[in-house]
Amino acid sequence: MTDTIACAATDLKAWEIGFWKRGSFGGGADEGVLFCSGDPGVGKTHLRSVASFF
Amino acid sequence: MLCDEAGAGGLAVAWLYCDYNVQQEQTVINLMGAIVKQLVGRGGIPEDIREAFQEAGKVGGRRPLLAALMQMLRIAIVSFPQVFICVDALDECLPKDLPKLLESLRDIIRECPGTRILLTGRPHVGEAIQRYFTKPVTISISPNKVDIRNYVVMRLDSDDMPEAMNDSLRAEIVRVILDKMSNM
Chain V
1 MTDTIACAAT DLKAWEIGFW KRGSFGGGAD EGVLFCSGDP GVGKTHLRSV
51 ASFF
Chain X
55 MLCDEAGAGG LAVAWLYCDY NVQQEQTVIN LMGAIVKQLV GRGGIPEDIR
105 EAFQEAGKVG GRRPLLAALM QMLRIAIVSF PQVFICVDAL DECLPKDLPK
155 LLESLRDIIR ECPGTRILLT GRPHVGEAIQ RYFTKPVTIS ISPNKVDIRN
205 YVVMRLDSDD MPEAMNDSLR AEIVRVILDK MSNM
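Chains V and X supply the protein sequences, listed in that same order. Using the working numbering, you'd call the opening residue of the first sequence number 1 and step up by one each time. Using the working numbering, you'd call the opening residue of the second sequence number 55 and step up by one each time.
These are calculated hints, taken from the structure and not from any lab test. Fair warning: there could be bad hints in the mix.
As the list claims (entries may be wrong) - The calculated lysine-lysine pairs, modelled on PhoX-like cross-linking and capped at a C-alpha distance of 25 Å, are: (1) K21/V x K150/X; (2) K91/X x K150/X; (3) K21/V x K189/X; (4) K150/X x K199/X.
Stated by the list, open to error - DEER-style ranges, computed between Cβ atoms: (5) G168/X x D39/V: 39 to 45 Å; (6) R203/X x D39/V: 15 to 21 Å; (7) R164/X x D39/V: 28 to 34 Å; (8) D39/V x Q184/X: 17 to 23 Å; (9) R104/X x D39/V: 41 to 47 Å; (10) D39/V x S222/X: 26 to 32 Å; (11) K150/X x D39/V: 23 to 29 Å; (12) P100/X x D39/V: 36 to 42 Å; (13) G98/X x P40/V: 38 to 44 Å; (14) D39/V x D73/X: 15 to 21 Å; (15) G64/X x D39/V: 33 to 39 Å; (16) V132/X x D39/V: 35 to 41 Å.
Cβ coordinates follow ideal geometry from the N, Cα and C atoms, glycine included.
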């Protein structure tokens, strides 16, 4: 991973990503949506490439 | 990576980047069309989609309407074990197009519940997302001070003019950057 990706990844909650991928919240189809919010430059765009690490 | 898994496991990944500089071209039809194109471009074009394009072509050669694209997207999605759709920088989508884009994504995920949608954007766009998805998984991304410090130190260590920087300046650079980050 690059340093920038590592920066974003350290703040991710692995279990949330895992539940999103598996759909295990019990909240219906909407739980299939993962929204990553943050200010410019915090690394949101890199999440596209790190989400599957979890 | 999802794309690596896509190659090995048969799942499909389609992604969009909403670009502020080309907002006018990034209509909902164009965006959804781009997703369809990525999914059907991975293999042979399903016959249903081929027929839909041929039908659209009979009416003065016009491009498919949103409803037709959505139908193509459903056909494409069910042809994969699982589909991930990533929409980056949602806040850069034109405000007039955002509701229809979210509505289209909502329709897809409700009709094809195995689909996974990753959205990124500035915090304010979360309100719009909440109007269309009642229980999205939400993660707030913020800079990590330790990571930023390590990154800055690494860049300073690899500076190609180290003689131009003494320890005092080096410490000042790190301090100012971390201070500015705290104000983000």
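Evaluated hints:
In summary, the hint linking K21/V to K150/X is not supported, as the alpha carbons are separated by about 30 Å, beyond the 25 Å threshold. Our distance criterion of 25 Å between C-alpha atoms is met by K91/X and K150/X, whose separation comes to about 24 Å. Straight-line distance between C-alpha atoms of K21/V and K189/X comes to about 14 Å, which keeps the hinted pair within the 25 Å bound. Restraint check for K150/X and K199/X: the C-alpha separation of about 37 Å exceeds 25 Å, so the hint is violated.
Roughly 32 Å separates the CB atoms of G168/X and D39/V, a value that falls outside the hinted 39 to 45 Å. About 19 Å separates the C-beta atoms of R203/X and D39/V, a value consistent with the hinted range of 15 to 21 Å. Distance hint check: the CB atoms of R164/X and D39/V are about 31 Å apart, consistent with the given range 28 to 34 Å. At about 19 Å, the beta-carbon gap between D39/V and Q184/X stays in the expected band of 17 to 23 Å.
Between R104/X and D39/V, the C-beta spacing of about 44 Å keeps the proposed range 41 to 47 Å intact. Distance hint for D39/V and S222/X: a CB-CB separation of about 31 Å, consistent with the stated range 26 to 32 Å. For the pair K150/X and D39/V, the supplied restraint of 23 to 29 Å holds, since their beta-carbon distance comes to about 24 Å. About 41 Å separates the C-beta atoms of P100/X and D39/V, a value consistent with the hinted range of 36 to 42 Å.
Restraint check, G98/X to P40/V: a C-beta distance of roughly 41 Å satisfies the suggested window 38 to 44 Å. For D39/V and D73/X, the Cβ-Cβ distance of about 18 Å falls inside the hinted range of 15 to 21 Å, so the restraint holds. The beta-carbon spacing between G64/X and D39/V, approximately 36 Å, falls within the hinted interval of 33 to 39 Å. Between V132/X and D39/V the beta carbons are some 37 Å apart, a value that agrees with the proposed interval 35 to 41 Å.
When each numbered hint is compared with the structure, violations occur for hints 1, 4 and 5.
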